[in-house]
Amino acid sequence: MLINFKILSLAIGSYKPIAKKTAIQFFIWCINAGHYLCIAFFLREILNGKIKQNTIFTYIGVIIFLIILNALLGKYDSYFDAKLGSLIKTDLRIKLFKKIFDIGPSYFNSGNTGHVSTIMSSYVEALAPYFSTYLPHLISTVLGSVILVTYLFYVNTLIGIVSLIGILGVLSLPNFWIKLMKERGNEDWKKYSDLSAHLLDVFQGMETIKSFNASSNIRQEVINKSLAIHKNTMEHLAVSQIESGFLQFSAAIGSSFAVALTAFLASNGTIESHRIFIILFLISSCFSPIFSLINTWHLGFRGVSASNFILKLLKVKEEMKIFTASKTKAIEKVQKIKMENVSFGYESKCVLKDVNLIFDRNKITAIVGKSGEGKSTLINLIMGFVTPWTGKIFINDCPIENLSEELYRSKISVVWQDPYMFYGTIMENILIGNPNASKEEVERAAKNAKIHDYIMSLPNGYNSFVGERGMTLSGGQKQRISLARCFLKDSPIIILDEPSSALDGKNESYVQDALKKISKDKIVLIVSHKSQTVSFADSIVVLKGGKVHSQGTHSELLNTNLLYCDLMKNQEEHSA
Amino acid sequence: MKKYNNYRLFYVVKLLTYVKEFIWEMVLYLICGGIYRIIPIVSAALTAYMIGHVGSGGTIEAGFIILIAVIAALRGIFSYLDCMISHDIAYRILSKFRVLLFEAIERLSPSNLSTKRTGKLISTTMNDVELLEWFYAHVVGVFLLSIIIPIGTIAFLWNIHPFIAVAVIPWVCIVIFIPQIFKKKADIQGNEVRDKHSDIKAVSVDGIQGLKDIIAFNWKDSYINKFKVTASEYEDANIRYSKRKGTEVFFIRIFIAMSMLSVLVTSAALFSNGLITIEWYMVAVILSGAIFAPISEIMSMSSQFGLIFSSAKRVDDILKEKSYVNEENAKSYNIILEPVVQFENVTFRYPGQDKNALNNVSFTVKAGEKIAIIGSSGAGKTTCGKLLMKFWQPDEGRISIGGVDLQDIDGESVRRQISTVSQDVYLLRRSIKDNIKLGHNYSDQEIFTAANKASIHELISSLPDGYDTKVGERGTKLSGGEKQRISIARALLKDASILILDESSSNLDSINEKIVNESLITLMEDKTTIVIAHNLSTIKLCDRILVLENGSVAEEGTLKELMNSSKSFKQIINKVS
Ligand SMILES: Nc1ncnc2c1ncn2[C@@H]1O[C@H](COP(=O)(O)OP(=O)(O)OP(=O)(O)O)[C@@H](O)[C@H]1O
Ligand SMILES: Nc1ncnc2c1ncn2[C@@H]1O[C@H](COP(=O)(O)OP(=O)(O)OP(=O)(O)O)[C@@H](O)[C@H]1O
Ligand SMILES: [Mg+2]
Ligand SMILES: [Mg+2]
Chain A
182 MLINFKILSL AIGSYKPIAK KTAIQFFIWC INAGHYLCIA FFLREILNGK IKQNTIFTYI
242 GVIIFLIILN ALLGKYDSYF DAKLGSLIKT DLRIKLFKKI FDIGPSYFNS GNTGHVSTIM
302 SSYVEALAPY FSTYLPHLIS TVLGSVILVT YLFYVNTLIG IVSLIGILGV LSLPNFWIKL
362 MKERGNEDWK KYSDLSAHLL DVFQGMETIK SFNASSNIRQ EVINKSLAIH KNTMEHLAVS
422 QIESGFLQFS AAIGSSFAVA LTAFLASNGT IESHRIFIIL FLISSCFSPI FSLINTWHLG
482 FRGVSASNFI LKLLKVKEEM KIFTASKTKA IEKVQKIKME NVSFGYESKC VLKDVNLIFD
542 RNKITAIVGK SGEGKSTLIN LIMGFVTPWT GKIFINDCPI ENLSEELYRS KISVVWQDPY
602 MFYGTIMENI LIGNPNASKE EVERAAKNAK IHDYIMSLPN GYNSFVGERG MTLSGGQKQR
662 ISLARCFLKD SPIIILDEPS SALDGKNESY VQDALKKISK DKIVLIVSHK SQTVSFADSI
722 VVLKGGKVHS QGTHSELLNT NLLYCDLMKN QEEHSA
Chain B
409 MKKYNNYRLF YVVKLLTYVK EFIWEMVLYL ICGGIYRIIP IVSAALTAYM IGHVGSGGTI
469 EAGFIILIAV IAALRGIFSY LDCMISHDIA YRILSKFRVL LFEAIERLSP SNLSTKRTGK
529 LISTTMNDVE LLEWFYAHVV GVFLLSIIIP IGTIAFLWNI HPFIAVAVIP WVCIVIFIPQ
589 IFKKKADIQG NEVRDKHSDI KAVSVDGIQG LKDIIAFNWK DSYINKFKVT ASEYEDANIR
649 YSKRKGTEVF FIRIFIAMSM LSVLVTSAAL FSNGLITIEW YMVAVILSGA IFAPISEIMS
709 MSSQFGLIFS SAKRVDDILK EKSYVNEENA KSYNIILEPV VQFENVTFRY PGQDKNALNN
769 VSFTVKAGEK IAIIGSSGAG KTTCGKLLMK FWQPDEGRIS IGGVDLQDID GESVRRQIST
829 VSQDVYLLRR SIKDNIKLGH NYSDQEIFTA ANKASIHELI SSLPDGYDTK VGERGTKLSG
889 GEKQRISIAR ALLKDASILI LDESSSNLDS INEKIVNESL ITLMEDKTTI VIAHNLSTIK
949 LCDRILVLEN GSVAEEGTLK ELMNSSKSFK QIINKVS
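Chain order of the listed sequences is A and B.
Just so we're aligned, residue 182 is where the first sequence starts under the working numbering, counting upward by one.
Just so we're aligned, residue 409 is where the second sequence starts under the working numbering, counting upward by one.
To be clear, the hints were calculated from the coordinates, so they are not data collected in a lab.
A few of these clues could be false.
[What the hints assert, rightly or not] So the derived list for chain B, only partly shown, Cβ under 10 Å to chain A, looks like this:
1) V421
2) I447
3) M492
4) G819
5) S895
[As the list claims (entries may be wrong)] Pairwise CB distance ranges, derived in the manner of DEER restraints:
6) I503(A) - I589(B): 28 to 38 Å
7) F186(A) - A563(B): 50 to 60 Å
8) P570(B) - V327(A): 23 to 33 Å
All C-beta atoms in this analysis are idealised placements derived from N, C-alpha and C, irrespective of residue type, glycine included.
Isolated chain A (complex conformation) (with noise of 0.2 Å):
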């Protein structure tokens, strides 16, 4: 018996279909314990000797009819088992899916993807049969036994304990495994998922290993890690084994051998022997769901121990949960983006240290420092991916969590310095800035993002799939393609973080004249190493150890600050 309120939790909304399947699982036992009582009273009368023709076909007629009603019932019951599971493991993956929303970026970061979206597709699928299977079969084999029993008791006692220990056996020998097994089936779980976020991180960096023919080494790492997986099985296996080995024993105590204490009663006198033939039968037709309860033990088990990482999960930090206002309060006009003393480090290590910064509307303003100064840090702490240290954030003069998440986010988009394609085409790609743009509008974009006239040139034109990770495009043509899905929201705020590390000058001047066309009353941060895009933004941030080093434009720069020269002169050194 493996009951527990935190996994019942995690079907909460599926309790009533849960217990439709009980009631169809205790409607089966019935019908079978009902199909083997008249076999045995058949049987009893054929012995008697004097039973009448309409007698046997009465007896057939009702057996076909059970048999009938029971295959009937079987049909229903595969279906609605898969539909059950079906509910339970939909509404789990959608809650699990905004769990992933709420958390955030950061957790995923650390290397967390492989093992959550396992958990995603593999701990849900084994979770499901403990609702859909275990807790229906066994709440209805209780049932049964409970009826069995005190039939067994009312005509012998001794036979009836003899059954009872055998049924209570079955139900309470798991309890006493249950600790045993509690580290294994969890390391199970662990070696599984472990080598499937190995593979994903070398399937996805596969062309890397290749490169720097590392790939015997990898090679060796996922045998050993699936070789992990074969001995903790083994290991698992060896002790629950023993366990099912006790189950089928005790299982068995409570049919065979009760069954044969029956026999040798009936001989000595002890119980009447016309109630032999309905005890060998009943006995058959309860003991079958009580071996067939041993084997889907084993499957509420995996769920069970897979419910443990799914509730981990449940648990982990919501970190996007800053925005703490429940009513959305109007922003008229996004007039600026102040930051007041902020600082914000990873870990122990701190990377922003007292940062005051103001950035105004209508005004295009760059960011550079050498490179690992924190200028991505900067934008991730604008768009609330990660909460200052100390200091505030603000909108015009309002602090960013007190706004609502869906105001905040309406008034900013993002081109990240690593742009992300999502596996679709390239039309889906770009709406994702909007996803009510008409065709127009998403093509204005594409051409202000210099991107139209390759996409032209495909095949399928826009409806051309981007592959994963955008892996059939350029450097520059997926970086150019986040700029059109930044433009195509227009929204105030514009923040792009290297948008043009992969462009030639040709494609970035285009693509600069446009963003001085649509930056108008708006906000723009450019995070940038290159002088072409630098100068000409209207103000220049200069990051320095965490701190702003000094502020202004490009030509004032150039004059009076040396790091700001270092940082731009490579590259100056041949305009004369």
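Please arrange chain B with the ligands on chain A, whose structure you already have, making use of the hints.
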């Protein structure tokens, strides 16, 4: 559709060829599994006999009860052996399959994988392979036993009275035949279920990896809906599959029960006419049910066959997929080739496109020469590098290293000649050190020196865990430029005579770039180098420049020549204000 008829048989044979090396374990398994499955039948027959005996007024001894208890214990023991042996074989085979799949994917990457989804591949390697466990751990043994046991039991029934056997045989035949009727549908539906299942994984991976964009663009609800569709499509396929399975179950149950009924009636007639005794009557009735225990075990598994065989097919499809890059005539080269790279009239088109990515491209890079390839985005620069690495192969024309046509060298050997920094830096989910080493045995000192040259040593040393810092997924715990510098370090460490740098400093600031370039200058002295870049500071390190335009070589010359004569060159180069 003719081929279709042999579909299952084909995969049974195919799957069995993988167990050759486990043949003795298989035999042992069949013995234990056989005993395990016979025990309940024996014990049922025995008790039935006794009941009949007592029912007809006989007596039995206490020893009999003990015998039954012993049999119960044996049942426990053999259930243990059955399970352990079958799973040991099955899991060994599973890990074998997983490794085979890994090798297949390694072989196919990246050319055949650019349109595939990693999530689906993983689903095949993990879940589809897992379903094969059913095949090996349960089906194979049970299949044989489900032939042996019924035949044995029927022979036994024949001994009691031939009529009883005759009453059973037709039902057995019908029951075995039922899955045949549904086979085709089962396979199609099974395929659908497996395919949709792998979509769940793929959509989850895509959603999590693109989490930042989904959240930033407030695309959550749409994505959830998208996921919901995927999840429900899978469940719908599941339900359809189970409905059909239900119909199978319906018929199987009916026919099994009918068989028992006909034995019941036949033997009743035989008994009434005094042809059999009451004991054997009981045994016959009980056995007529027991025959079907292994058969219904295989039947309930046969309802899984649609899934099992479509999984087998999915695994097999990957294993036998032909790589886009033809390695048939390729030999492994252990020698170091002369680092002369030659493209001769190379034309190449990515599959499914209708424009050539490269058009009749010819150029030569002499040993020790440094050449820059520039061109506007999408011109085919990266493609050149990938062709040279033998990740793809030209449709026309010839690429050679040291005069040897790449067609004749296997990819592994080609890549041994080349060290590369790719445009899309990929870091594995492990420590910085492991990412620089990538499986090779470099000493710490070598690693530090390389990192120093790539201007990243200082930063790494400043981290609390130093070189053992985990970089997170795809290196997301590092900044863009840091990732790039680590990938430069690992390229510097690889001792190859040809160097390809694809936008290797696109995310670097000038200060770091300068340091890296200085290292590169010394490094490149004795190497043949191909640099792909847009910025002058890098291009000026090169002896010669190649301008690509729409997949063709538009211009070629030294920096000076191009600066003075070419307009398009100036446009492509990043402007300097
Ligand atoms: N998730 C993370 N966990 C731990 N450290 C991180 C994480 N993300 C970034 N860092 C560290 O924080 C520092 C700042 O990173 P950030 O990405 O903000 O730099 P950046 O200025 O954008 O650099 P680049 O120009 O190279 O992109 C880097 O040293 C980086 O290693
Ligand atoms: N796997 C692929 N399948 C189909 N088309 C592809 C694939 N990879 C690249 N392409 C296309 O081939 C063309 C050349 O791409 P390539 O990556 O060589 O460009 P590039 O010159 O490196 O550009 P960038 O400077 O933007 O990186 C592009 O139009 C691109 O969309
Ligand atoms: Mg950055
Ligand atoms: Mg490229």
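Quick rundown of the hints versus the structure:
{"no.": "1", "hint": "V421", "result": "violated (24 Å)"}
{"no.": "2", "hint": "I447", "result": "holds (9 Å)"}
{"no.": "3", "hint": "M492", "result": "holds (6 Å)"}
{"no.": "4", "hint": "G819", "result": "holds (7 Å)"}
{"no.": "5", "hint": "S895", "result": "holds (8 Å)"}
{"no.": "6", "hint": "I503(A) - I589(B): 28 to 38 Å", "result": "violated (60 Å)"}
{"no.": "7", "hint": "F186(A) - A563(B): 50 to 60 Å", "result": "holds (54 Å)"}
{"no.": "8", "hint": "P570(B) - V327(A): 23 to 33 Å", "result": "violated (43 Å)"}
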